[in-house]
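There are 2 protein chains.
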Amino acid sequence: MEGLDFVQLRTLAAVVSEGSFEAAARLLHVTPSAVSQRVKALEEAVGQVLVRRARPCVATEAGAPLLRLAGQLVLLEREALADARGPLTGAGTRTRLAVVVNADSLATWFPAALARLPEGLELSLDIRQEDQDHTAELLRDGVVTAAVTAQREAVQGCRVRRLGAMRYRALAAPAMAATHFAEGMTPAALAAAPAVVFDRKDRLQHRFIRTLTGQTLDPPVHYVPSVPAFSETIRHGLGWGLVPEQIAEDDLASGACVDITPGRQVDVPLYWQHWRLESAALNALTAAVRAVAADTLR
Amino acid sequence: MEGLDFVQLRTLAAVVSEGSFEAAARLLHVTPSAVSQRVKALEEAVGQVLVRRARPCVATEAGAPLLRLAGQLVLLEREALADARGPLTGAGTRTRLAVVVNADSLATWFPAALARLPEGLELSLDIRQEDQDHTAELLRDGVVTAAVTAQREAVQGCRVRRLGAMRYRALAAPAMAATHFAEGMTPAALAAAPAVVFDRKDRLQHRFIRTLTGQTLDPPVHYVPSVPAFSETIRHGLGWGLVPEQIAEDDLASGACVDITPGRQVDVPLYWQHWRLESAALNALTAAVRAVAADTLR
Chain D
1 MEGLDFVQLR TLAAVVSEGS FEAAARLLHV TPSAVSQRVK ALEEAVGQVL
51 VRRARPCVAT EAGAPLLRLA GQLVLLEREA LADARGPLTG AGTRTRLAVV
101 VNADSLATWF PAALARLPEG LELSLDIRQE DQDHTAELLR DGVVTAAVTA
151 QREAVQGCRV RRLGAMRYRA LAAPAMAATH FAEGMTPAAL AAAPAVVFDR
201 KDRLQHRFIR TLTGQTLDPP VHYVPSVPAF SETIRHGLGW GLVPEQIAED
251 DLASGACVDI TPGRQVDVPL YWQHWRLESA ALNALTAAVR AVAADTLR
Chain A
1 MEGLDFVQLR TLAAVVSEGS FEAAARLLHV TPSAVSQRVK ALEEAVGQVL
51 VRRARPCVAT EAGAPLLRLA GQLVLLEREA LADARGPLTG AGTRTRLAVV
101 VNADSLATWF PAALARLPEG LELSLDIRQE DQDHTAELLR DGVVTAAVTA
151 QREAVQGCRV RRLGAMRYRA LAAPAMAATH FAEGMTPAAL AAAPAVVFDR
201 KDRLQHRFIR TLTGQTLDPP VHYVPSVPAF SETIRHGLGW GLVPEQIAED
251 DLASGACVDI TPGRQVDVPL YWQHWRLESA ALNALTAAVR AVAADTLR
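Here the protein sequences come in this chain order: D and A. Under our numbering, read the first sequence as residues 1 to 298, first letter to last. Under our numbering, read the second sequence as residues 1 to 298, first letter to last.
Quick caveat, the hints were computed from the structure, so don't treat them as lab data. Be aware that a few hints might be false.
Unchecked claim - Each computed BS3-like pair below joins lysine-lysine, with the alpha-carbon atoms no more than 30 Å apart: (1) A/Lys201 - D/Lys40; (2) D/Lys201 - A/Lys201; (3) A/Lys40 - D/Lys40.
Note that the coordinates shown come from a computational prediction; the quantities given were computed from them, not determined experimentally.
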């Protein structure tokens with residue numbers, strides 16, 4: 001511990017998880033000025049600015065390792081207290097577990113893992129949604145304890161396990177396919193046909209175009225950052241897009257969509273990364289996530 | 001125009017919509033240094049810092065009105081060009097329309113409005129997702145042209161129309177309801193039972209607790225920021241939560257969930273706010289949104 005103050009560390013963690021000094025104060029049942037004093041005292045002890053005072057507040061580079069430490073201490077403390085007091089002592093001892101998951105996993109297979117958690121495990125889940133190419137950043141910054149991520153290389157201090165691949169199929173409404181792709185997936189067709197893209201971090205459609213054509217094209221794009229709205233927008237014929245096979249199957253069976261590249265899917269390998277911690281809650285979640293992933297991913 | 005440079009304004013808009021100088025440069029097919037020079041020149045002309053250089057870049061308070069102006073000019077320019085050139089001149093003249101929608105609307109009724117847009121309207125939709133209590137901020141900051149919002153008061157320069165109310169029902173899995181609410185929705189039960197909450201901006205569950213009990217309680221919370229995962233988490237019995245009636249109906253019919261406050265729903269009135277602009281694209285979207293809302297909201 002090198003003399004660091006646990007209350008100050010916990011306060012730092014609350015400021016970043018809640019996003020502001022005021023919200024952290026509400027969570028900790030103290031005044032905003034007490035929160036501010038604690039963070040300042042910790043910054044003086046470390047000799048570094050730890051939190052960038054923005055909306056929301058985020059950890060600085062120097063703050064990230066301390067935030068990770070704080071998260072680990074809080075998790076271990078909660079579990080030790082829960083063990084000491086017995087399993088059914090109410091809300092005060094629930095273990096908060098912060099996890100980041102990519103949108104498509106969250107909308108399809110991930111919730112089934114929550115259903116597999118052992119009874120009596122008193123958890124408070126703090127799930128975040130982020131693009132699979134960016135989830136590892138939240139792990140590195142100490143904001144979350146575990147991540148479903150496309151990053152294969154272990155984040156420092158983390159353990160990584162392969163979960164399997166999420167498979168995507170390229171879908172379009174039949175009318176859209178007939179209008180744009182009657183001559184096949186040519187570079188000219190792909191440059192002119194609107195693509196549905198989740199958000200500016202989502203590079204899946206653009207990468208698929210490069211795989212198909214060998215070219216970097218700049219098609220018109222609709223940004224639709226909601227999994228149900230994404231496939232609904234495709235069904236309505238506004239553009240083509242890559243849809244998780246779990247969702248694609250229904251659209252293909254009903255005839256709402258056609259596969260515009262039959263036999264050519266996109267597989268995105270996913271990994272489970274988590275802090276190296278002896279935490280019962282984290283171990284239980286890891287086991288549940290791995291079991292469901294083994295059943296549903298490729 | 002007071003002597004403002006259109007190219008500089010368009011560059012400012014690109015920096016904020018894309019989030020960085022580099023991404024704006026890619027969009028505009030110029031160098032990042034050209035982007036930087038244009039923004040600096042505009043800042044000198046106005047005598048104010050217009051962009052906070054952060055990740056992502058955001059408009060300062062002084063930048064917001066200029067961003068709004070830039071968005072309006074770009075929209076009107078695109079439409080004038082499209083009119084001049086005829087409707088089918090390819091991707092270059094697509095009108096980009098930035099809209100912010102709350103997650104539950106986006107996951108349920110909103111995409112049907114996209115299906116009602118007239119054929120041949122060359123749009124590029126830039127949809128953002130935000131809590132209905134915060135969507136108006138993006139309108140005020142000039143990031144979007146229109147919003148589905150809970151805010152009834154018109155944002156400056158905007159027109160507002162009532163869309164109807166989104167109705168929510170309080171659901172829990174039967175086992176969870178039996179464990180926690182056998183004695184009814186008492187303050188003690190609501191303080192101990194885990195609630196599923198979308199994210200830290202979502203106050204719906206907490207407000208409902210205050211309506212039911214007259215008290216401000218602090219129940220254990222699971223944050224699940226994905227509409228499909230939110231209701232799936234409730235189905236799996238991890239907590240209770242307020243679910244849009246369109247989704248709730250299926251869960252009640254199948255027996256996956258029960259209504260824990262029969263006859264007591266939550267109605268959230270929604271409004272369509274948009275810039276006062278004579279834009280064909282915006283007018284068409286407004287007509288489509290109002291028509292679908294009239295069919296699906298209360």
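Now for the hints, and whether the structure bears them out:
1. A/Lys201 - D/Lys40: 27 Å, holds
2. D/Lys201 - A/Lys201: 22 Å, holds
3. A/Lys40 - D/Lys40: Violated: A/Lys40 and D/Lys40 sit about 35 Å apart, past 30 Å.
Violated hints amount to a single one, hint 3; each of the other numbered hints is respected by the structure.
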